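K.L.:
Take a look at the letters that make up each chain.
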Amino acid sequence: MTPWWRARNLVITAGCLIALITFGARTSFGLFTEPLSALRAWDRETFALAIAIQNLLWGVGQPFAGAVADRFGPGRVLAAGGAVYALGVALMAASTNGTTLALTGGVLVGLGLSGGSFTIVIAAFARLVDEERRSWAMGLATAMGSLGQFVFAPLGQAFIGAYGPATALALIGGCVAFVPLLAAALSGGDGSAEAARRESSSMAVREALTHPSYLLLTSGFFVCGFHIAFVSTHLPPYLTDLGLGTGVAAWALALIGLFNVIGAYGAGVLGGLYSRRLLLSAIYASRGAAFALFVLLPATPATVLLFAAAIGLLWLSTVPLTSGLIAVMFGTRHLGLLFGVVFLSHQVGAFVGVWLGGAVYDATGAYDAMWWACIGLGMAAAIVHLPIDERPVPRLATA
Amino acid sequence: MRRRTRELLVGVAITLVAFAGVYWQAAQPGKAGEVPRLVCPLH
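Just so you know, the protein sequences line up as chains A and B, in that order.
Each residue of the first sequence is one higher than the one before, starting from 1 at the first, in this note's numbering.
Each residue of the second sequence is one higher than the one before, starting from 1 at the first, in this note's numbering.
Just so you know, the hints here were simulated from the structure itself, not pulled from any lab data.
Quick caveat, the model's predicted, so the values are computed rather than measured.
Note that beta-carbon positions come from the ideal geometry of N, C-alpha and C, so glycine has one too.
Treat the hints with care, as some may be off.
[To be verified] Estimated spans, in silico, between C-beta atoms of each pair:
#1 B:Thr5 x A:Pro154: 26 to 32 angstroms
#2 A:Phe64 x B:Arg2: 38 to 44 angstroms
#3 A:Ala369 x B:Thr5: 24 to 30 angstroms
#4 A:Phe178 x B:Tyr23: 25 to 31 angstroms
#5 A:Ala41 x B:Arg6: 50 to 56 angstroms
#6 B:Arg4 x A:Leu181: 53 to 59 angstroms
#7 A:Ala184 x B:Val17: 23 to 29 angstroms
#8 B:Thr5 x A:Leu278: 49 to 55 angstroms
Just need the whole structure built from these sequences, with the hints factored in.
P.N.:
Here it is as structure tokens:
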């Protein structure tokens, strides 16, 4: 008999809460930049460097954390990652110089995120949730992660107002400390024949990297990162250049966040009903169309907000579909590792999107070339998803 | 309750929480500029 803490709904609730806490806590860091820098007499670069290190280690550490999760179980990795993450945030609050901030908020939180974030939750869902509800659960976890920003922003702001930034950050760390407890519900794996087989991690990566569909999926997720990071970083200054003001930019990004929750959840539901590759192709084509309309139509507050709503719907809706496709094609045994590799491609795309946006603007004095690059990449990603073979690899089909 | 109905209700519930979050952001005097830092959990 399944123990009560392994009940399906409890597993899904625990995974969603982990996604909400780990993403929410991280997005609240932006609230601490100014007050904590003022308290410790840091310049803006000190905080920015720590967050940059955090992002880098998160992306690079993800495939390794995924591999460990595949080997020893996602619950253990989530517990360890959550503990390191909580410790990092708590020590961040006590950091008094740039070096300790880089080690705590950068290294510890970055490594903690690798083990305690949504990719591992998705790997856990793939093992613990039945196939019929898997896509829905993956979409829900992605949406709950996005929702975390709306829960932790007021919480962080209230903590800062009541106790000051250092204590507030320690309290956020206290919230993250619940992750290891929640991870208990996601411990263990399935007892399927697939789990019983012992392909090594290197064999799994070799199989995936020689599979054309996996490479196409990885290239598509690069485009996702490129789009998202470019828009997040460069949309506000672009709108300011157009004379629309920071208020419109703030509303645009808030709408992206709102519609992202709807889009991620909806994609999870649709992924359980329709072809994931066709849905992904439609998402990337729609992104291209949204970028094209945004560039070609006159920029007014109305068109900006409509663009924000459209791009928000298409924002993280790629996550449950991409991870779901990997689970279908290669099984769940190495999902943590294989999705971690694809996620690394996303983070590289994000880096290129942010960096190239700045470089193009410095070189040309405008973002026009970048918007057209977004359109072109969106259409290219839509095309490369079409030939993806959604069937399980022969190894699984004959098992 | 049917599965599709449950899924719809969950979707409506999380959308309402997200909407409340956006409303809270908008209601913060002088805090609107912080919204851009909160938009994407991946970056």
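K.L.:
Range hint 53 to 59 angstroms: satisfied by the CB atoms of B:Arg4 and A:Leu181?
P.N.:
Violated, since B:Arg4 and A:Leu181 (Cβ atoms, about 32 angstroms apart) do not stay within the stated range.
K.L.:
Using the beta carbons of A:Phe178 and B:Tyr23, state whether their distance is inside 25 to 31 angstroms or not.
P.N.:
With a Cβ separation near 26 angstroms, A:Phe178 and B:Tyr23 satisfy 25 to 31 angstroms, so the hint holds.
K.L.:
Has the hinted range 24 to 30 angstroms been met by the Cβ atoms of A:Ala369 and B:Thr5?
P.N.:
Since the Cβ atoms of A:Ala369 and B:Thr5 sit about 48 angstroms apart, the hinted range of 24 to 30 angstroms is violated.
K.L.:
Does the Cβ distance between A:Ala184 and B:Val17 fall inside 23 to 29 angstroms?
P.N.:
The hinted range 23 to 29 angstroms holds for A:Ala184 and B:Val17, with Cβ atoms some 25 angstroms apart.
K.L.:
Is 38 to 44 angstroms a correct range for the gap between the Cβ atoms of A:Phe64 and B:Arg2?
P.N.:
42 angstroms Cβ-Cβ, so the 38 to 44 angstroms window holds.
K.L.:
For B:Thr5 and A:Leu278, compare the CB-CB distance with the range 49 to 55 angstroms and indicate the outcome.
P.N.:
This hint is violated: roughly 26 angstroms between Cβ atoms.
K.L.:
Given a hinted range of 50 to 56 angstroms, is it respected by the beta-carbon distance of A:Ala41 and B:Arg6?
P.N.:
52 angstroms, holds
K.L.:
Is 26 to 32 angstroms a correct range for the gap between the Cβ atoms of B:Thr5 and A:Pro154?
P.N.:
Holds, since B:Thr5 and A:Pro154 (Cβ atoms, about 30 angstroms apart) stay within the stated range.
The structure shown violates the earlier hints numbered 3, 6, 8.
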